[in-house]
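Please arrange chain B on chain A, whose structure you already have, making use of the hints.
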Amino acid sequence: MSSTLVLGMGNPILSDDGVGLYVAERLRAGPMPDGVEVRQSEVAGLRLLELVRGYDKVVIVDALCSGREPGDIVKYEASEFKGGHRYGSAHSIGLHTALELGRRLGIPMPEDVTVFAVEAEDVETFGEEFSPPVAAAAEKVIDLVRAEVGAG
Amino acid sequence: MKKITVDPITRLEGHGKIEIFVNDAGEVANVYFQVPELRGFERFCVGRPVEELARITPRICGVCPEAHHVAATKAIDAVFGVEPAPAGRRLRELLYNAFYVTDHTTHFYILAGPDFIMGPESDPAARNILGVIHKVGLETGGAVINLRAEAAELISMIGGKQIHPVCGLPGGVSTAVTAEQQERMVQITAAQVEFAKFSLQLFDDVVLKNNDYVDLIKSDAFTHETYYMGMVDENNKVNFYDGKVRVTGPNGAELVKFEGKDYLQHLAEHVEPYSYLVYPYLKAVGWKGFVDGKDSGVYRASPLSRLNASDGMATPLAHAAYESFYATLGGKPVHATLATHWARLVELLYAAERAHELAADPDLTNPDVRTIPTGIVGEGVGVVEAPRGTLYHHYKTDDKGIVTNVNLIVGTTNNNAAISMSLKKAAEGLIKGGTEISEGTLNMIEMAFRAYDPCFGCATHTLPGDMPLQVVVKSESTREVISSAKRNM
Numbered sequence: 001m002s003s004t005l006v007l008g009m010g011n012p013i014l015s016d017d018g019v020g021l022y023v024a025e026r027l028r029a030g031p032m033p034d035g036v037e038v039r040q041s042e043v044a045g046l047r048l049l050e051l052v053r054g055y056d057k058v059v060i061v062d063a064l065c066s067g068r069e070p071g072d073i074v075k076y077e078a079s080e081f082k083g084g085h086r087y088g089s090a091h092s093i094g095l096h097t098a099l100e101l102g103r104r105l106g107i108p109m110p111e112d113v114t115v116f117a118v119e120a121e122d123v124e125t126f127g128e129e130f131s132p133p134v135a136a137a138a139e140k141v142i143d144l145v146r147a148e149v150g151a152g
Numbered sequence: 153m154k155k156i157t158v159d160p161i162t163r164l165e166g167h168g169k170i171e172i173f174v175n176d177a178g179e180v181a182n183v184y185f186q187v188p189e190l191r192g193f194e195r196f197c198v199g200r201p202v203e204e205l206a207r208i209t210p211r212i213c214g215v216c217p218e219a220h221h222v223a224a225t226k227a228i229d230a231v232f233g234v235e236p237a238p239a240g241r242r243l244r245e246l247l248y249n250a251f252y253v254t255d256h257t258t259h260f261y262i263l264a265g266p267d268f269i270m271g272p273e274s275d276p277a278a279r280n281i282l283g284v285i286h287k288v289g290l291e292t293g294g295a296v297i298n299l300r301a302e303a304a305e306l307i308s309m310i311g312g313k314q315i316h317p318v319c320g321l322p323g324g325v326s327t328a329v330t331a332e333q334q335e336r337m338v339q340i341t342a343a344q345v346e347f348a349k350f351s352l353q354l355f356d357d358v359v360l361k362n363n364d365y366v367d368l369i370k371s372d373a374f375t376h377e378t379y380y381m382g383m384v385d386e387n388n389k390v391n392f393y394d395g396k397v398r399v400t401g402p403n404g405a406e407l408v409k410f411e412g413k414d415y416l417q418h419l420a421e422h423v424e425p426y427s428y429l430v431y432p433y434l435k436a437v438g439w440k441g442f443v444d445g446k447d448s449g450v451y452r453a454s455p456l457s458r459l460n461a462s463d464g465m466a467t468p469l470a471h472a473a474y475e476s477f478y479a480t481l482g483g484k485p486v487h488a489t490l491a492t493h494w495a496r497l498v499e500l501l502y503a504a505e506r507a508h509e510l511a512a513d514p515d516l517t518n519p520d521v522r523t524i525p526t527g528i529v530g531e532g533v534g535v536v537e538a539p540r541g542t543l544y545h546h547y548k549t550d551d552k553g554i555v556t557n558v559n560l561i562v563g564t565t566n567n568n569a570a571i572s573m574s575l576k577k578a579a580e581g582l583i584k585g586g587t588e589i590s591e592g593t594l595n596m597i598e599m600a601f602r603a604y605d606p607c608f609g610c611a612t613h614t615l616p617g618d619m620p621l622q623v624v625v626k627s628e629s630t631r632e633v634i635s636s637a638k639r640n641m
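Residue numbers (the numbering used here), protein chains in the order written: chain A, 1 to 152; chain B, 153 to 641.
Everything labelled a hint here was simulated from the structure, so no lab data went into it.
Just to be clear, a hint being listed does not mean it is correct.
Stated by the list, open to error - Facing chain A, a subset of chain B residues (Cβ under 8 Å, in silico):
no., residue
1, 191
2, 192
3, 211
4, 258
5, 281
6, 282
7, 290
8, 293
9, 297
10, 300
11, 301
12, 315
13, 316
Claimed, not checked - Some chain B residues close to chain A (C-beta under 10 Å, calculated; not the full set):
no., residue
14, 262
15, 286
16, 296
The beta-carbon is built from N, C-alpha and C at its ideal position, and this holds for glycine as well.
Same shape as in the complex, but just chain A (with noise of 0.2 Å):
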């Protein structure tokens, strides 16, 4: 059976970059098809490539930074991550390096990755609460997730 993770990832303390940490919680709190799992993670890098190894699909939610209108949503498709394999840092390289490492270890890498994105407005002061067009994104975020993996 096909299997489906998806993946809330943020800083829980950091103001909007805790979105998509949230946007997981809400989801694991309703219920989801079989073979559909919903996890959390705050670290990114190669730990990212462990947490997704062996799954068919992917979804992740996360937060971004692009200069778009606060709110905002994003879909990205794996396809489009055409992004280099040198940016990041020691332990945090790109969601595409870590994709590209793991299949070249023979490591079974999702073939499906799909990327929700919220545009946030502030991701540099500590604090539990969402800005206001963060906070609605959210809600419309995780509809769009449960759209994707088939949960109505």
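Structure of chain B alone, referenced to chain A:
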């Protein structure tokens, strides 16, 4: 004057920005190194029960949560005036050394590896982890991933979770381990020792047998004669978990050895208007600016510093590696910044051997893992050696243990002045008037920086992310962009 901006630096934790000012003759006039600030960390902590800080501080950043967890737990012991139960202390130290194995391995293969295994001026498209595994073999790449997975398994047996441990409580840890778990830990740590030996051999084959690399390591552009800080045990051997903080001078002699709780008597902070990140220095020597030598209070805290500040390693194989390190590099202390990568591998072997010793301890499964505190002191300092330097957590509370004040000095902050100096010196050595500034040149300037494995995640209490690189050469008089290079933007 022209200005070169390296913003932000690739392959380091967090977000930093380097600005290189070049005068009209094309020579380096000055280098500024800046980091952004995050707001409200202390405010976030104040008013919470102090024991929560062992779970909050690791969330500042995802790079070394274990270091913050252990330092916080030690600070909380002190706040409650309780000595940890020996069995609990042992489990903390085991967890911590297993974390070191992961962190140092990742640094060497992912961050330093591309420069040394591929070459500092190799094609940037191949100068990355994928290039490294292509060159050293898929088996090694698989071994790195496997080692990380096994270390995470060990950490979760003690820490309760793989990523953010939750085991540390005032007076010890929350749960004991079973005999079955111990057996697995012995297995895992034995494999870690073998992997560390392999990594040192790889360094020997790839780096030390290449004269160009050895010359680069020893070159003046990558050398600074500074003070060195590191935690040592009662025999002045390196210890990551506990001991006294020892500082040795540029000539190798001990300047001071102090209890972590007395750090404010020995360290002061210099502030520059262009940086949010402070520059700690040794009070006994004083701040003389961004200069090295015995009269400057600038110190370094890194794997190289820990080796320089100690009399050796407490485990046999690592001590042999320590001896060979100094024999090859011309005796103690070693001032070559790039030798930090080798020092990190010596520490990797120590961490693996120490973890193996602790895992095999016949008393490891002792169920008395915690001494329940009975009083409160209201103030405490916890110090560990984090991979990137000595980490100080200092908490004050009211008589109910509610946080009133938090101060952290994190690994990278210790090195802030030295990093600025290393960048400037490397830039001066590599950028000469009239020469084209290539991508390889800029990468080599960054190498001075990466040796410290700077991590601005918690230095400014910010987070790691993907970092593009922009290099801008500007005229200082007109502020016009003369030339610029971008990658990954």
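Any hints from earlier that this structure breaks? Give me their numbers in increasing order, please. none
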